[in-house]
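Asks: Okay, here's what each chain looks like letter by letter:
2 protein chains.
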Amino acid sequence: MNRRTALATASLIALIAAVPASSDSSSLEQRFDAGVNPKEMSDWMKLMASEPNHVGSPHDKINAQWEMKKFQEFGWDAHLEEFQVLYPTPVAEAIELLGKKPFKVTLQEKPIPGDTSATAKDKPLPAYLEYQGDGDVTAPLVYVNYGMQDDYKALERMGVSVKGKIVIARYGAGWRGLKPRLAQDHGAVGCIIYSDPADDGYAREATYPQGPERPPQGIQRGSVVDMTLYSGDPLTPGIGATKDAKRLTRETAPTILKIPALPIGYGDAKVLLASLGGQVVPENWRGALPITYRVGPSAPKVHLMVKSEWSLKTAYDVVATMKGSELPDQWVLRGNHHDGWVEGAGDPLSGQVALLEEARLLGELAKTGWKPKRTIVYLSWDGEEPGLLGSTEWAEEHGDELKKNAVLYINTDGNERGFLGVEGSHDLEHFVNTVADDVRDPETGKSISERARAQIRMEALHPGARDPQAAARLKDDAKLAADPTKDFPIGALGSGSDYTAFIEHLGVSALNVGFGGEAETGGIYHSRYDTWEHYKRFADPDFAYEAALAKTVGRMVMRAADSDLPIQRTSNFAATVERYVGEVKKLADNKREAAETQSKMLADNVFEVASDPTKSHADPEALKPVPQIDFAPLDAAVTKLKAATRAYDDALAAHGAALSPDAKAKLRALMLTLDQTLAPDVGLPVRPWFKNLIYAPGRFTGYGSKTLPGVREAIEEERFADADKYSKLTADALTAYADRLDQATAVLEGK
Amino acid sequence: MNRRTALATASLIALIAAVPASSDSSSLEQRFDAGVNPKEMSDWMKLMASEPNHVGSPHDKINAQWEMKKFQEFGWDAHLEEFQVLYPTPVAEAIELLGKKPFKVTLQEKPIPGDTSATAKDKPLPAYLEYQGDGDVTAPLVYVNYGMQDDYKALERMGVSVKGKIVIARYGAGWRGLKPRLAQDHGAVGCIIYSDPADDGYAREATYPQGPERPPQGIQRGSVVDMTLYSGDPLTPGIGATKDAKRLTRETAPTILKIPALPIGYGDAKVLLASLGGQVVPENWRGALPITYRVGPSAPKVHLMVKSEWSLKTAYDVVATMKGSELPDQWVLRGNHHDGWVEGAGDPLSGQVALLEEARLLGELAKTGWKPKRTIVYLSWDGEEPGLLGSTEWAEEHGDELKKNAVLYINTDGNERGFLGVEGSHDLEHFVNTVADDVRDPETGKSISERARAQIRMEALHPGARDPQAAARLKDDAKLAADPTKDFPIGALGSGSDYTAFIEHLGVSALNVGFGGEAETGGIYHSRYDTWEHYKRFADPDFAYEAALAKTVGRMVMRAADSDLPIQRTSNFAATVERYVGEVKKLADNKREAAETQSKMLADNVFEVASDPTKSHADPEALKPVPQIDFAPLDAAVTKLKAATRAYDDALAAHGAALSPDAKAKLRALMLTLDQTLAPDVGLPVRPWFKNLIYAPGRFTGYGSKTLPGVREAIEEERFADADKYSKLTADALTAYADRLDQATAVLEGK
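So the protein sequences, as listed, match chains E and W.
Using the working numbering, you'd call the opening residue of the first sequence number 210 and step up by one each time.
Using the working numbering, you'd call the opening residue of the second sequence number 210 and step up by one each time.
Source of the hints: derived by calculation from the structure; they are not laboratory data.
Treat the hints with care, since some could be wrong.
Identical copies carry no separate label here, and so any pair may be met within one copy or between two of them.
[Stated by the list, open to error] With a straight-line cut-off of 30 Å between C-alpha atoms, the simulated DSSO-like cross-links for lysine-lysine are:
(1) K479 to K319
(2) K809 to K688
(3) K833 to K655
(4) K310 to K279
(5) K309 to K875
(6) K684 to K795
(7) K745 to K824
(8) K532 to K695
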């Protein structure tokens, strides 16, 4: 065989051989599976979701204490860890349409007959957006579509300004918190966010209680803290929010909004939107209300008022530990939050009760003789909803230990009927595949990996309104999913749940795991109607996917805790990074062409000549010309990375099992902190709290991931000097990763 | 200079020099322009649109007679030419939702207060679809989205059949007539078509009378005759429907539907759609009604009944002639129809009064000494709406003369505020550009060509939901439009107005000309509200674009009539055909890849595994594997065509002006019938009435053009043997075109 064939074959062997369930682990996993009890998870969810459980609520503390006792009952070493976090709660609120036909918006959701949770005895707080700015303003209203950057560009073209206005934005297209922030940046004095039935209501399915979708009075609460700068308590960036922590003031905390903002339902939004005059919106701004959507401004003014109580509240993290028998200083972390906006049955308790079930079963196994090699830490977070408070503060407080000891962090959150979805560190992609191959899908009896592959392939058939680059990515994903000799691809992490501080700030490998895509349950997201009754009817009637989640994550935890050899398959990471580099190059080319086209169009006065003179309009702001960006360092790094990862994976497959204990220890030490090479201290431009140079939430997507963010966002935001700078910095990080692998390969090859 | 540079320079000179307005014609055109009278066109429209004027109505005949007299008054030789056409008119109709909450659909549009035309004394016929099949059926209802081929494929995937059902389809996405026909082909027993407010109603703008859009009770009438087989009277394909013509029977006429069908408004459609059970529709099937759209079937049945009176009616074409002074046997034809569905102010009378204004002004010029070199024939067609009856019967009746004498046919139809839009024979593209350069846009004072270029460039910036091939086409168009040394591109003709028989059946060069794109007036299309009042408020308040249309088409007629040399610029045609060949190759490649992907997915059971087991579903029908198609003949023909067109255009520029009268006569004779080489007698597969191998309406788009239809549709419809066959036949036609040009070049070069 020539070298190329030999390597390919070695890779294939490695692919088939690495991280399999040994026969020991296989029987262990069978015992785990046999114990999974859907009824128990349903009961737990019902109990935990019986009252509102946001930060500072009585039931939030009760849940944490109850969970701690449960862990202890299961045989874990468990305690509560408390943080003092800023958590404003609404005291007074109003939205009114003034003028001849005055109208007052309802900010409380009425109970649903027959839904006992939605009639819990603790009255929920009125609808609110956490960390908005409080205020009392009266101004005309302007509709800004999803309130994203492109929408403001379109407004500019229409000759409409939001300066001094209150904006109304619909939910969707980007993270909620960007909407009031961009409104504020553009001079608006207040912001209303509503759920349009096109995205979240009757257009999708019948509304609750007839069906699963958001009823007209349903309101999506949520945080509008600027998590794109840093997550966690706004007053303690980078450090744990302990009692004595040095705090910013509310006024100096850069992540807190300065203008008032509130969320409303579409029943009321219809009245506000119908009051708007001005131009008809562009076609892709239309929602599904039976009105002509207009940009505004409204002739009658709108009055918006929010007053909150701004004291510190206590966040209760539950920390449960099962000490490792052989490698106690290597920690396998697994978490899910326990706070919700109201009862929070689906979000977060569906993930939480699976976590609890795993803990019970691991406890059972431990009681009957099994001891994990590594230490397992189960974490039930508080305060995820307002800003990933519990997880971030804990990760910041324990940052040094975590950087030394953490193997990986596995996160879950809401979970329901459907397909396995995983995002995370791509050197864990193969690990995810081996687990997914061994778990059965409750509905079809196929493996959950076969179903995941099928779903990925189906999605590529229907790219929908995705941009050409996203459609091309889907197609590449589908090719991988169709090839049984390849792993199915996992996604990249952005933000939006408790993995953030681990992967983005500390550089600890992370996975986010969940099932979904078949149930139509987004309609009760962050509303009073996210109840046990709703979950049971629409999300996962048999709790079968709750069981599947416990089996999937339980396996991940056990395999990561017990694995003799490092669990990474690094060539998956190299292949993924190579794709990302191709994407940013294409992005620069497309952006260059767009700037050139636009420049010619401006020079030829095309925008003016093509405008309807009976409507107000303006030329678009000129795009900056795109220089040639120096991708050479990235190209070189990818070449090196591919060679290093292939060599390492091959060496692991060839020599791993036969390694001496000393060498194994050396190997483990090298591989334990491998991913931290990707998160050097420099951090990202504007927001150095985000250290990871491969994965980040987008500055202008909020939740959505931007890969190679230092380079990609620099191109998108026309900071071309940054693009060159981060091409180099990112290349350095990749090179450090490759260098580390070279050391590991040397250990494996006995050099 | 080397040969290539010399040729390029010669081409550039040709580009600048060919078919300019001579100083004579320029002063003629200035006199024409000076006479254009918007007030007169407004008065004529008001008069002609004062009563319903469909085929067989009293006012239809009155309008024809009035126009004939007008032409005579203007100094033209004018007469009526009558045809006896099948024109069923509704006698009894009903749509009812049965069951517990019975509901009766209203099939008459109520008058709008203040709109005097909509309260004309002749009561309009109830809503109807011309050439539906009559019948009385009761069955459950199924929603089929736009009722196009892809929609039936999606239904199949959902496991839903329309067999024995009544379907309800929304207007849009493809020609109306395909909806009941595809329903019939799939076993449905009846068809209801409605206007969804997403496409045609409040989602776009305020509704009439508050705004221009379709009100809830507004109904789009229209023809559902199968114009993809042949246009014109269903009983006399290929021959004129004269009194004694040999006729098919209604039963044997293949273009008449067998099932009953009716159109309704969205106010009533909402009730029918809300009665549907079953699965929720795919996302792109949703309209803008405030309901959850479901596929059905409905639990309560629907009763649909139509009874018509099927006698022959008289269609009145007005034919007005101004004889040529030098070349009386070369005819410049210009037409627009005069029949509407109700009052028809916008469609067709906005185009018709511009035609009449041109005729008046040409008459004025003739009275003051001008005589056109060629004969000008102005044509006001009857029966366009039911199936291009007047124009097709006339073209069929006079086919032999037309093939001998017709220079070109210029068509208009509805016209309103906005941008110049032209489709037609691409060897007339440059001719169109030279005219457009000389007409001012009323709103901006720029030339209408500058505005057209600007609009094309803007469109490429926002391809919207277009498929990648259509988006690429836009981009190529924009590149041409941005280059001042190139002509801006004109579109390809399909069907949908009176040019059809000329270009598609006879192979006579044709242009279709109109302004639009700024007024939002589609909402009254084919309804009772297409009135003079509506037109004046929303379409073109000052009749300024009516004036612009008269100036544009007037110039085309005068230049075509007076031109000393042939008006074609043939290299535009070659460049366009080259693009089309590229498209069909890409189509085959994409189709091949799709078939391969789908085949693997079927083999891997992906569709089943990815399906939600709680919903009914089925695998898609397997796509046929796509063989390598023999494009070699087309490639060779394009190479030859490019050389021949370049040589001809250069020779014309170099020698045309200095040609002897004899040579000129020879040249004219060769070039007069040039485009007929593209329409050999063989015709298209399945529908040989369509002879043109470059342009045709799509079998499954109806109006929309399919270029190189013999090849393109064969690939789309998986008739791969036809693809090879028509690759050859189309290549032969292109080669004949090139050969003819070579003869013309020889004449020019004095060989």
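Asks: Hints first: check each against the structure and report whether it holds.
Replies: Here is what the structure says about each hint:
Taking the shortest Cα distances, K479 and K319 sit within 30 Å of each other both inside one copy (18 Å) and across copies (28 Å). Proximity of K809 to K688 under the C-alpha cut-off of 30 Å is restricted to the inter-copy arrangement: shortest distance 11 Å between copies versus 39 Å within a copy. For the homomeric pair K833 and K655, the shortest alpha-carbon distance between copies (29 Å) is at most 30 Å, but the shortest distance inside one copy (51 Å) is not. For the homomeric pair K310 and K279, neither the shortest alpha-carbon distance inside one copy (55 Å) nor that between copies (55 Å) is at most 30 Å.
For the homomeric pair K309 and K875, neither the shortest alpha-carbon distance inside one copy (77 Å) nor that between copies (78 Å) is at most 30 Å. Within a single copy, K684 and K795 get their C-alpha atoms as close as 16 Å, and across copies as close as 18 Å, so both meet the 30 Å cut-off. Within a single copy, K745 and K824 get their C-alpha atoms only as close as 51 Å, which misses the 30 Å cut-off; across copies the closest is 18 Å, which meets it. Neither within a single protomer nor between protomers do K532 and K695 lie at most 30 Å apart by alpha-carbon distance, with minima of 35 Å and 77 Å respectively.
Checked against the numbered hints listed earlier, the structure breaks hints 4, 5, 8; every other hint is satisfied.
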